[in-house]
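Chains as they are written, first to last, in our numbering: chain A, 1 to 290; chain B, 1 to 407; chain C, 1 to 354.
What the hints contain is simulated information worked out from the structure, not anything from laboratory work.
Backbone N, C-alpha and C fix where the C-beta goes; we use that ideal spot for every residue, glycine too.
Honestly, I wouldn't trust all of these hints.
To be clear about the criterion: a stretch of chain C counts as covered by chain B if any three or more of its residues have a C-beta under 8 Å from a C-beta of chain B, and this derived list gives those stretches [said to hold, decoys possible]:
(1) 170 to 179
(2) 269 to 281
Among chain B residues calculated to face chain A with C-beta under 7 Å, some are [said to hold, decoys possible]:
(3) S54
(4) D58
(5) V61
(6) D225
(7) T227
(8) D228
(9) T230
(10) Q231
(11) P248
(12) V253
(13) Q260
(14) N261
(15) N279
(16) G280
(17) L281
Covered stretches of chain A (in silico footprint by chain C; criterion: 3 or more residues with CB under 8 Å from a CB of chain C, positions within the stretch not fixed) [to be verified]:
(18) 97 to 103
(19) 108 to 119
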Amino acid sequence: MARFVALLASGIATGAILAVVALGFVVLHKATGVVNFAHGDLVTLGAYVALWAGTDLGLGPVPAALLAVAALFGVGVVIERVAHAPLRKRPAMTVVVATLAAALVLRGLVALWQGSTPRSLPPLLGDGTVRIAGAPVAVQRIVIVAVVAVVLAGLAFTFTRTSAGRQVRALAADPEAAQMLGVRTRGASMLTFGLSAALAGLAGVLVAPLSAVDLGFGFGLMVTAFAGAVIGGFGNLGGVALGAAVIGIVQQVVGGYVLQDWAPALPYAVILVIVLLRPAGVLSTGGTRL
Amino acid sequence: MKKTWGLLAAAALALAACGGQDADDAGSGGNGSGGNASADESGPITIAALWEVSGESDVAVDDFQRGAEIAVAALNEAGGIDGREVVLERFAASPLDPASTATAVQKALDAEPSAMVGPLVAGQIQATSAAIERGGVPVIPIGNADPTVIAGGDSASDHVWFVNSYIPALVDAGVDYLTEDLGLTEIGVIGTDEPFGQTGVEQAIASLDEAGLEPVGGEQLYAPDATDLTQQVLAVESAEAVVNWGFPNPIAVQLNQLVQNDIAIPTLTGPSAPVVVDNGLAEGEAIDDLLAVMTCNPGVDESDASTAFVEAYEAEHGATPSSNAALAHDAVLIAAAAISDAGSSDPAAVQEAMADVEVTDGACAESYAADEAHVLNHQIQIVAYAADGSSTTEKVVEGEPVARADG
Amino acid sequence: MTVEVTGSATGAGAEVAPGVADPGRPGRALPAWAGPGLGRSLAGVVAFSAAVAVLGPQVARGGSDLLLMTLWLVHIISATGYRWVYAVAGRFSFAQTLMMALGAYTSAWVTGEMGAAWTPVGLVAAVAGVALVGGAVGWVARRSDGFAFAIVTLALAELGRQVLSHTEGFSGRNGNLVGIEPLQLAGRAYVTDEDVLTVLVWVVAAVLALAMAIERSPVRRQALAARTNGPVAAGLGVPVERVRLAVFVLGCATGALAGAVMGHWQGFVGTDSFGLDLAIGLLLMVQLGGSRTPWGPVLGATVYVWLPEALSGLEEYRAAAYGVLLLVTVLVLPDGLTGLPATIRQRLRRGSAS
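Working from the sequences, and respecting the hints, build out all of it.
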């Protein structure tokens with residue numbers, strides 16, 4: 001039982017991280033149509049900014065994390081101006097390649113700035129553990145789940161109750177109609193990029209203390225998070241969050257009891273099974289044109 | 001119009017046919033001249049380095065270049081090799097990218113060196129062993145020797161010589177330490193799911209088997225970028241020790257999760273341990289029971305050559321060198337000794353001299369001499385870490401000569 | 001809204017509507033040398049290949065230049081295959097590198113079992129085997145469009161990589177297969193880079209000739225119609241799915257050929273050689289070169305192979321500089337390098353009109 005609880009707790013925490021990564025990705029995709037392959041490197045950048053704030057500015061873990069999330073919002077806005085705005089009328093594929101190039105730039109700059117030896121980021125609230133049903137669970141994992149829950153609630157509130165959120169949703173639903181109705185697409189687009197990058201930064205500062213920060217860690221996380229987005233149907237945010245949680249739990253719990261050697265492959269197997277079961281494609285909710 | 005183009009194409013084809021012929025002749029003529037510049041026995045001696053410096057790839061660090069530069073500076077200060085200046089020419093070869101390594105090896109060969117130092121991992125040697133064999137220049141990689149690349153192995157070249165120790169020998173010495181010196185019988189075995197980890201895990205299980213033991217919880221492999229090893233940690237919960245052969249990041253994850261789960265058992269790992277400790281990836285209680293089996297531990301090792309190297313490195317870069325820096329340093333020394341023994345900078349002569357080369361002032365191992373598998377380094381130490389990050393040498397093992405893989 | 005990656009008429013459609021496929025404005029969007037006329041195109045291919053065969057070994061300053069030229073030729077084949085997958089069939093696939101790896105392992109396995117003299121059989125087996133795999137993937141995921149297809153193929157590629165590195169035999173120990181026989185054709189073994197180059201140049205010629213032929217066949221027009229507006233095309237009697245699938249399979253099989261040749265050339269295949277980096281590389285080659293003409297992948301492969309070399313003096317700044325250059329290229333050259341003349345003309349026209 002304790003073992004199951006421990007694995008489940010790990011699974012939920014992993015899922016929560018994947019949810020934040022996937023949400024940042026999906027929000028941007030929904031609102032602007034952009035598939036942002038630099039998202040994983042934004043996760044990495046978030047962790048490095050927090051690391052820098054902690055070591056060079058001497059901030060505590062929590063202020064450092066907040067600074068990182070805020071800084072990433074700014075980075076997102078800059079990316080929108082530099083790599084997206086000039087391409088707004090271009091084919092979507094061109095934009096994809098632009099984001100890949102942006103990822104290379106980001107990674108190259110982080111390497112110049114912080115080097116490439118692995119580093120360690122301290123946990124937000126210390127490295128203690130609490131016991132749940134006899135299983136020790138690291139405080140950082142509980143912090144992750146709590147923060148992600150708050151962020152999800154905040155996102156839901158923003159999108160339904162605030163004017164800025166409604167503008168982003170309008171942009172996602174129909175950009176041309178939104179423009180005609182007076183939504184300032186430019187502002188909404190910048191806001192979305194900023195929000196997406198801030199979510200990436202949040203994921204970075206949450207997950208980094210569990211392991212070590214290096215230049216590649218965000219990219220791998222992004223690829224796994226795709227699986228969550230696919231399960232969740234890529235459309236509504238709740239579905240994506242749920243899908244990500246499922247991936248985390250499957251990876252930890254199924255991988256913990258059977259198929260141990262194949263645990264890293266499980267998210268990909270899940271994607272394939274889903275596509276076989278739903279050949280129409282899980283994107284159908286957001287991707288139809290006719 | 002069509003006809004003109006057809007004629008043009010035919011002409012081009014004919015041209016290509018003769019051109020190809022010419023090229024073939026030129027090629028066969030050029031093959032024998034591998035050591036033009038080196039055959040000139042008075043100018044500077046080129047040693048090629050096959051590694052990156054920080055920023056060139058996601059995993060690039062400066063350790064190798066820094067260690068090798070210190071060796072070259074010391075050699076030149078002492079008058080070079082037989083009065084000839086030594087020049088280190090670097091070619092970026094990423095351990096993540098076999099294609100970049102193939103290009104780097106070819107560029108290095110074009111520079112007509114007397115010997116090469118690097119690359120870093122066995123996969124890079126596998127990908128380039130044919131080119132290395134054709135090139136005819138002795139190569140001294142920095143990474144550990146493993147069964148596929150030692151002389152006689154599936155993807156070996158007789159021109160490859162190892163400054164670093166043999167992975168199965170390291171793992172075997174580590175497991176012996178746990179079973180014989182510490183008298184443990186319940187041992188778990190985990191590792192990263194890639195060649196380095198797999199080789200280590202296989203050997204650990206074989207060594208346990210020799211002692212009549214089986215790994216607790218079976219064999220457990222995890223992704224190299226794993227951030228959660230709850231499952232692996234719980235699988236070895238009832239063990240008295242765990243062998244974790246893998247990369248630094250997941251080893252740090254495992255060490256931290258052992259503490260979180262109140263499992264206080266020693267973890268034995270390999271050359272990743274200093275990376276974990278020196279970069280603070282795991283700290284305090286988490287590294288209190290950390291054991292590492294490695295070839296050397298600069299800063300703790302007490303030989304004159306090691307302390308002199310550490311001093312020079314600290315003076316230059318303000319940090320204690322890693323074992324990788326020491327190995328890169330020693331690779332240059334070995335190449336220089338072989339060139340000197342050969343009495344020539346011709347790579348063929350240097351290759352011949354490698355079999356009998358002896359170096360006794362290494363910064364990592366105290367002495368180097370090749371066995372039939374081309375492994376030069378047989379020094380193995382068991383190092384124990386303490387909560388404050390300090391380390392002590394628990395045991396020094398003189399490894400057996402490694403047999404040829406096809407012997 | 002047009003969130004779909006490849007399906008939008010205003011988006012990807014504009015990118016691929018080629019002058020030659022549109023009788024209304026023949027050749028206008030294309031540079032003159034890539035204009036209509038299959039004979040001329042084929043002559044261009046022959047002239048190109050002959051020039052490489054003759055001049056290549058002459059201009060090479062050393063072994064590394066020959067190696068890079070050989071790599072360049074391999075990547076012209078890979079990128080041509082990927083152009084079919086990505087730009088003609090409109091499939092944003094991440095599994096192309098898996099197809100290349102499967103091709104490499106298959107041909108290596110055949111020659112390993114039967115001997116080097118069987119190289120041609122190995123190559124055919126690689127192409128045919130991967131065509132079957134590609135057909136299965138394309139058919140199973142036939143309704144997953146745009147980005148969903150990208151994710152499915154990414155999952156497939158990752159899963160494939162894990163399976164290959166866990167199974168011994170076919171893919172060697174840990175996914176590293178070593179000691180692969182060199183190419184042997186008609187009793188002659190091609191071992192050195194220069195030898196391989198002399199053979200590859202004609203393989204490239206054959207692949208480019210096929211590309212030119214397809215460019216001017218109804219297949220391409222049908223694939224584009226299927227891609228830009230599937231339902232309408234189907235209504236007009238175009239066998240949408242079959243055409244699209246056929247082009248996708250052709251692209252996968254061409255990738256397998258590139259992978260197989262690469263394995264025989266280097267004597268080594270590893271899962272690392274066919275990872276995500278190369279998948280992104282293929283995308284860059286097609287996009288940078290320009291996807292409108294078969295010459296696009298040729299230029300794209302040129303940039304992909306030689307740009308990092310040109311930047312190697314920058315050492316630690318190289319990675320960032322490479323990214324910045326790519327970003328700038330994408331920003332200023334919407335149709336890639338082969339679209340450069342058209343882009344300049346368009347700018348000039350706009351300039352004189354104002």
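Problem set entry | Hint check: 7 Å Cβ-Cβ cutoff, B:G280 to chain A | Check passed: Cβ of B:G280 comes within 5 Å of chain A, closer than 7 Å.
Next on the checklist: Would the hint on B:D58 be counted as holding, given a Cβ-Cβ threshold of 7 Å to chain A?
Outcome noted: Interface hint status for B:D58: holds (4 Å vs cutoff 7 Å).
Quick one, is the B:T230 hint okay against chain A at 7 Å, beta carbons? Result: holds, 4 Å to nearest chain A Cβ.
Going by Cβ atoms only, is B:S54 closer than 7 Å to chain A? holds (5 Å)
* If you look at each residue in the region 108 to 119 of chain A, do at least three have a Cβ nearer than 8 Å to any Cβ of chain C? -> Coverage by chain C holds here, the residue count being 4 at a Cβ distance below 8 Å.
Can you verify the interface hint for B:D228: is its Cβ closer than 7 Å to any Cβ in chain A? holds (5 Å)
- prompt: With a Cβ-Cβ cutoff of 8 Å, does the region 97 to 103 of chain A contain at least three residues near chain C?
  reply: Result for this restraint: holds, n = 6.
Can you verify the interface hint for B:Q260: is its Cβ closer than 7 Å to any Cβ in chain A?
holds (5 Å)
Do the numbers back the hint for B:Q231, that is, is its least Cβ distance to chain A under 7 Å? holds (4 Å)
Chain A contact restraint for B:P248 - C-beta distance below 7 Å: This interface hint holds because 6 Å falls under the 7 Å limit.
Going by Cβ atoms only, is B:V253 closer than 7 Å to chain A? holds (5 Å)
- May I ask you to test the interface hint for B:N261 with respect to chain A, counting a Cβ-Cβ separation under 7 Å as satisfied? Since chain A brings a Cβ to about 5 Å from B:N261, closer than 7 Å, the hint holds.
Every hint, counting from the list given before, is met by this structure.
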